[in-house]
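Here the protein sequences line up with chains A and B, keeping their order. One point on numbering: in full-length UniProt numbering, the residue at position 194 of the first sequence is 194, and numbering is uninterrupted. One point on numbering: in full-length UniProt numbering, the residue at position 205 of the second sequence is 205, and numbering is uninterrupted.
Everything labelled a hint here was simulated from the structure, so no lab data went into it. Treat the hints with care, since some could be wrong.
Stated by the list, open to error - No more than 20 Å apart at the CA atoms, straight line, and that leaves these computed lysine to aspartate or glutamate pairs for EDC-like:
id, chain 1, residue 1, chain 2, residue 2
1, B, 34, B, 68
2, B, 128, B, 147
3, B, 128, A, 9
4, B, 79, B, 232
5, B, 77, B, 54
6, B, 164, A, 239
7, A, 62, A, 9
8, B, 12, B, 127
9, B, 34, B, 109
10, B, 176, B, 231
11, A, 238, B, 199
12, B, 164, A, 218
13, B, 176, A, 158
14, B, 33, B, 101
15, B, 128, B, 169
16, B, 198, B, 116
17, B, 198, A, 185
18, B, 164, A, 12
19, B, 176, B, 202
20, B, 176, B, 214
21, B, 164, B, 199
22, B, 198, B, 216
23, B, 176, B, 68
24, B, 79, B, 231
25, B, 164, A, 185
26, B, 198, A, 241
27, B, 72, B, 127
Unchecked claim - Quick list of the computed label-pair ranges, beta carbon to beta carbon:
id, chain 1, residue 1, chain 2, residue 2, range
28, A, 211, B, 206, 50 to 58 Å
29, B, 206, A, 237, 22 to 30 Å
30, A, 14, B, 173, 45 to 53 Å
What the hints assert, rightly or not - A few chain B residues that don't get close to chain A, going by computed Cβ distances all over 10 Å:
id, residue
31, 55
32, 66
33, 79
34, 93
35, 105
36, 160
37, 163
38, 189
39, 191
40, 194
All C-beta atoms, glycine included, are put in the ideal place defined by N, C-alpha and C.
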Amino acid sequence: MNAKMDQQDACDLRFGQVGIANVRIKRVDAAALCEELERRVRAAPQLFSRAAVVLDLSHLLKLPDDGTVDALLEAIRSAGMLPVGLAYGTSEVDALAQRMGLPLIAKFRAAYEPADGGSIAPPAPSAAAAEPPRRAEPVRQEAEPAAPVSTLGAQHYEGTVRSGQQVYARDRDLVVTGAIANAAEVIADGSIHVYGAVRGRAMAGAQGDEKARIYISDFRAELVAIAGHYRVFEQIPKDLEGQSVRCWLEGEKLLIAKL
Amino acid sequence: MTAEIIVVTSGKGGVGKTTTSASLATGLAMAGKKVAVIDFDVGLRNLDLIMGCERRVVYDFVNVVHGEATLKQALIKDKRYETLYVLAASQTRDKDALTQEGVEKVLEDLGKEGFDFVVCDSPAGIEKGAHLAMYFADHAVVVVNPEVSSVRDSDRILGLLASKTRRAERGDGAIKQHLLLTRYNPARVAVGEMLSVKDVEEILGINVVGVIPESENVLAASNAGVPVILDDNSFAGQAYSDTVARILGEERALRFLEVPKKGFFQRVFGG
Numbered sequence: 001m002n003a004k005m006d007q008q009d010a011c012d013l014r015f016g017q018v019g020i021a022n023v024r025i026k027r028v029d030a031a032a033l034c035e036e037l038e039r040r041v042r043a044a045p046q047l048f049s050r051a052a053v054v055l056d057l058s059h060l061l062k063l064p065d066d067g068t069v070d071a072l073l074e075a076i077r078s079a080g081m082l083p084v085g086l087a088y089g090t091s092e093v094d095a096l097a098q099r100m101g102l103p104l105i106a107k108f109r110a111a112y113e114p115a116d117g118g119s120i121a122p123p124a125p126s127a128a129a130a131e132p133p134r135r136a137e138p139v140r141q142e143a144e145p146a147a148p149v150s151t152l153g154a155q156h157y158e159g160t161v162r163s164g165q166q167v168y169a170r171d172r173d174l175v176v177t178g179a180i181a182n183a184a185e186v187i188a189d190g191s192i193h194v195y196g197a198v199r200g201r202a203m204a205g206a207q208g209d210e211k212a213r214i215y216i217s218d219f220r221a222e223l224v225a226i227a228g229h230y231r232v233f234e235q236i237p238k239d240l241e242g243q244s245v246r247c248w249l250e251g252e253k254l255l256i257a258k259l
Numbered sequence: 001m002t003a004e005i006i007v008v009t010s011g012k013g014g015v016g017k018t019t020t021s022a023s024l025a026t027g028l029a030m031a032g033k034k035v036a037v038i039d040f041d042v043g044l045r046n047l048d049l050i051m052g053c054e055r056r057v058v059y060d061f062v063n064v065v066h067g068e069a070t071l072k073q074a075l076i077k078d079k080r081y082e083t084l085y086v087l088a089a090s091q092t093r094d095k096d097a098l099t100q101e102g103v104e105k106v107l108e109d110l111g112k113e114g115f116d117f118v119v120c121d122s123p124a125g126i127e128k129g130a131h132l133a134m135y136f137a138d139h140a141v142v143v144v145n146p147e148v149s150s151v152r153d154s155d156r157i158l159g160l161l162a163s164k165t166r167r168a169e170r171g172d173g174a175i176k177q178h179l180l181l182t183r184y185n186p187a188r189v190a191v192g193e194m195l196s197v198k199d200v201e202e203i204l205g206i207n208v209v210g211v212i213p214e215s216e217n218v219l220a221a222s223n224a225g226v227p228v229i230l231d232d233n234s235f236a237g238q239a240y241s242d243t244v245a246r247i248l249g250e251e252r253a254l255r256f257l258e259v260p261k262k263g264f265f266q267r268v269f270g271g
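Could you put together the complete structure from these sequences and hints?
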């Protein structure tokens, strides 16, 4: 133990909810995009002038090449907004973001499926080429092409997570054998399983995995969230209180049901 | 030789830490142990009042930590029990007057002096004073009242005990945690105004080591400077005696959990 325990840390690092507008591209036309956004900025300068936005390419059938994406980003800038990243999509978008030195904003994680569904082959081959070691093991039946296949297994936490404590399972599921106290938090990039009472908060899919789920054997939670979609319980619903429940996402909707 | 260090803590203020520290230390001394009880609440010193030695404080804990007095000079011998000593807090300093090294040295020296137990009366909160009180502990008595805010604060303290103490940092075995429920009023529990023992045990996930009933005798004893454990006639005193016995490893059933039934004379004459 050091004698400096009462010194303040240099910074706090935490994920917060920040409002960033999402520019979802429907057709690749930099000039039209610029014009459209300029109109929006003029209409509501307070709101949109120098607003941080992320570029969402998920609704395009085919990912544009780097030059085109550059042109789209430039179009956003010249309209008066500030593009700060790409929305999280397929592994191709990931690679694109890396080439451009831009972050992927998980909160705006786009749907993996192309907009019109099915007519386009999933980008599985390129994904396989990009990450061979992860793909080496048998792929699950549904074969979600871009969903990371976890080889890490779950993180186990024995005992109770006390008020004020936070447990985070990075890139994996979290299993807790005890309770989650009031004002305690458990967070996982994957799913969460709790075999005690949850009185605090449980947040699954912290990096945006909408397939993540939460299983609780004694439900009294203050808040549950999956991939940024959350529900707060000021009152615990009578029909769920103390019950075993599962939580999952259906579209934008966070659903909870008894097991 | 090292002393067993017991911290009495709670997070929340006003739940009965100092009352518990005084009775616990006295109870251990009654069992023949050599005991020192230290007030860590620098700036808000109370323990000396409850122990009834406030007029005999010459040197205090801060003086010892700073080397301005020796341990022998600062330890106040209890007037009732030979093997019980009080180390008072300083009323004129603030909590920054304590240092980790200084506290460690005092605790080590008490071990060398042949003390069996050191009871550390923690201040409320989770700041430096509370941190230092719990840091070197082997046992923790977490004092909790049967109400939700106290339970939550105790939960926080249990978390800190499991992570921010020397034992936790060195990985040499967890601190032994004892949950002590104080100000328990069975009548109010019965009508649902207060959390029950079971509620509190369930929320915190550990069992109680004792339940001290709410009692007028506690206030009276405090004002008289007599630890309530010495009041054999009060339920609170008896409950503290049971608690000390349990901490020393004896098995005793919990008492005073039911609404007291009025006796024949009380029914006749009112009570």
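Hint check, failures only: 1, 2, 6, 7, 10, 12, 14, 16, 17, 20, 21, 22, 23, 27, 28, 30, 36, 37
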